[in-house]
Each structure stands twice: as structure tokens, then as C-alpha cells.
Amino acid sequence: ELVQRLPDRVRTTLALLDAGQEAPARQELANLLQAGERAQRLLDGVRIVVIGAPNTGKSTLINSLARREQAIVSDLPGTTRDWVEHPGAIDGVPVVFVDTAGIHDAQDPIEQEAIRRTHRQAATADIVLNVSDQAAPLQVGHRLDSMSGGDSQATARVPPVIPLVNKSDLPPHPSWQDVLAAGEGPLRVSALTSAGLNDLE
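Our numbering puts the first residue of the sequence shown at 164, with every later residue one more than the last.
If you are wondering where the hints come from, they were derived from the structure by calculation, not from laboratory data.
By construction, the Cβ of each residue, glycine as well, lies at the ideal position given by its N, Cα and C atoms.
Incorrect hints may have been included.
[As the list claims (entries may be wrong)] What follows is a set of in silico ranges between Cβ atoms, one per label pair, in the way DEER data are often shown:
1) G183 to A345: 38 to 46 angstroms
2) A178 to G348: 51 to 59 angstroms
3) V321 to A193: 20 to 28 angstroms
4) G183 to L350: 24 to 32 angstroms
5) R230 to L343: 25 to 33 angstroms
6) R230 to A344: 46 to 54 angstroms
7) P257 to N194: 20 to 28 angstroms
8) E364 to A193: 49 to 57 angstroms
9) V321 to Q275: 20 to 28 angstroms
10) L350 to D245: 51 to 59 angstroms
11) Q275 to S357: 42 to 50 angstroms
12) Q270 to A358: 33 to 41 angstroms
13) N194 to D245: 36 to 44 angstroms
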């Protein structure tokens with residue numbers, strides 16, 4: 164419906180300009196741009212980039228949110244070596260989930276390049292899901308303002324970040340005790356059992 168209405172709104176804006184009504188024309192143009200952005204979201208989907216250390220369950224989370232097996236899942240670190248897009252929908256809104264390579268201190272040149280690509284994908288996101296594993300030792304979150312890997316364009320735009328603690332179905336590592344006891348920390352989910360996914364959606 165938004166897409167069908169855009170031509171009429173363009174004509175309205177032009178008519179206001181022709182009549183010398185600049186202030187209403189500017190307001191209509193602002194409304195038109197806002198409607199166009201919403202229409203573009205409906206056409207292209209909301210881009211959700213999933214980042215985190217290796218083996219935090221990023222691919223399993225994407226499969227659960229997309230409600231189908233799309234991303235390759237393995238217990239071996241480094242299964243995802245490059246970013247991969249997976250289409251889906253949340254409450255009828257189209258989304259594109261982007262699975263990325265795990266962020267860690269890598270020495271291998273191929274892994275380093277994969278991590279640089281993860282940083283660049285995060286900068287293109289509408290939303291970033293930053294996934295941690297509560298069954299593994301607590302790590303400092305990955306800051307998007309230091310994710311460029313030397314690529315200044317990757318940090319020109321910082322999207323909103325939702326921190327997630329995955330694997331809530333497993334006993335937490337002792338290092339998570341204070342964070343989990345606080346009660347108001349990151350959202351806890353289990354990609355395997357789907358616990359907490361409704362709140363995330």
C-alpha cells in the first residue's frame with residue numbers, strides 16, 4: 164500500500180511547490196521520505212547482522228528465528244568462515260539475517276579476513292545481535308566502534324546493538340555469576356530450545 168501511494172504523494176508535493184507553499188511542501192517531502200524508507204524496509208527486509216565469538220550459537224539462533232534450517236551448524240569453531248544472508252520474517256515483517264564468522268584473536272590470514280568482513284557487515288546492519296555464550300567464560304563484548312579492522316568506512320554508521328546471552332538451557336560458567344545475578348543484564352535465550360526467542364522477536 165505504501166508503494167502504491169508514493170506517486171500521489173509526489174504529485175501533492177509538486178503541486179504545493181507550484182502554488183508557492185514552501186513550508187507545507189517541505190513537510191510533505193519529509194513525510195514522503197519517511198514513507199519511502201518504510202516502504203523500502205518492506206521491500207528489502209530489515210538487515211539483522213549476528214555477531215559474536217566462535218561457537219556462541221549464532222547459526223543455530225538464525226535457524227531458530229528463521230524457523231528453518233538455513234545456516235550450517237557445527238560444534239567445531241570456525242564453521243562459518245564468511246558472512247551468509249538468510250531471508251526470514253518476524254511478525255510478518257521481512258528480515259534478512261546475516262550469519263558471520265566468529266570474532267576472536269586470529270593469527271590465520273583467512274580467519275583475519277573473515278573477521279574483517281564481519282566488521283564490515285555489522286556496519287551495514289539495521290540491527291546487530293551481539294551473541295555471547297553463558298556456558299563459556301565471560302568475555303568483554305565486541306564494540307562496534309572498534310570493529311573496522313582498519314576500514315574507516317565500516318565505522319561510519321553504528322547501528323543499534325542488542326546484546327544476547329545464548330545457551331540459557333546449559334549451566335552458566337562461574338564467571339557469569341555476577342552478571343546473571345544482577346537480573347537486568349542482557350536478554351537470555353536458548354537458540355536450541357527457543358526459550359526467550361519470543362521476547363527477542
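A quick look at each hint next to the structure:
no. : hint                             : result
1   : G183 to A345: 38 to 46 angstroms : 59 angstroms, violated
2   : A178 to G348: 51 to 59 angstroms : 53 angstroms, holds
3   : V321 to A193: 20 to 28 angstroms : 24 angstroms, holds
4   : G183 to L350: 24 to 32 angstroms : 52 angstroms, violated
5   : R230 to L343: 25 to 33 angstroms : 28 angstroms, holds
6   : R230 to A344: 46 to 54 angstroms : 33 angstroms, violated
7   : P257 to N194: 20 to 28 angstroms : 23 angstroms, holds
8   : E364 to A193: 49 to 57 angstroms : 30 angstroms, violated
9   : V321 to Q275: 20 to 28 angstroms : 22 angstroms, holds
10  : L350 to D245: 51 to 59 angstroms : 27 angstroms, violated
11  : Q275 to S357: 42 to 50 angstroms : 34 angstroms, violated
12  : Q270 to A358: 33 to 41 angstroms : 36 angstroms, holds
13  : N194 to D245: 36 to 44 angstroms : 40 angstroms, holds
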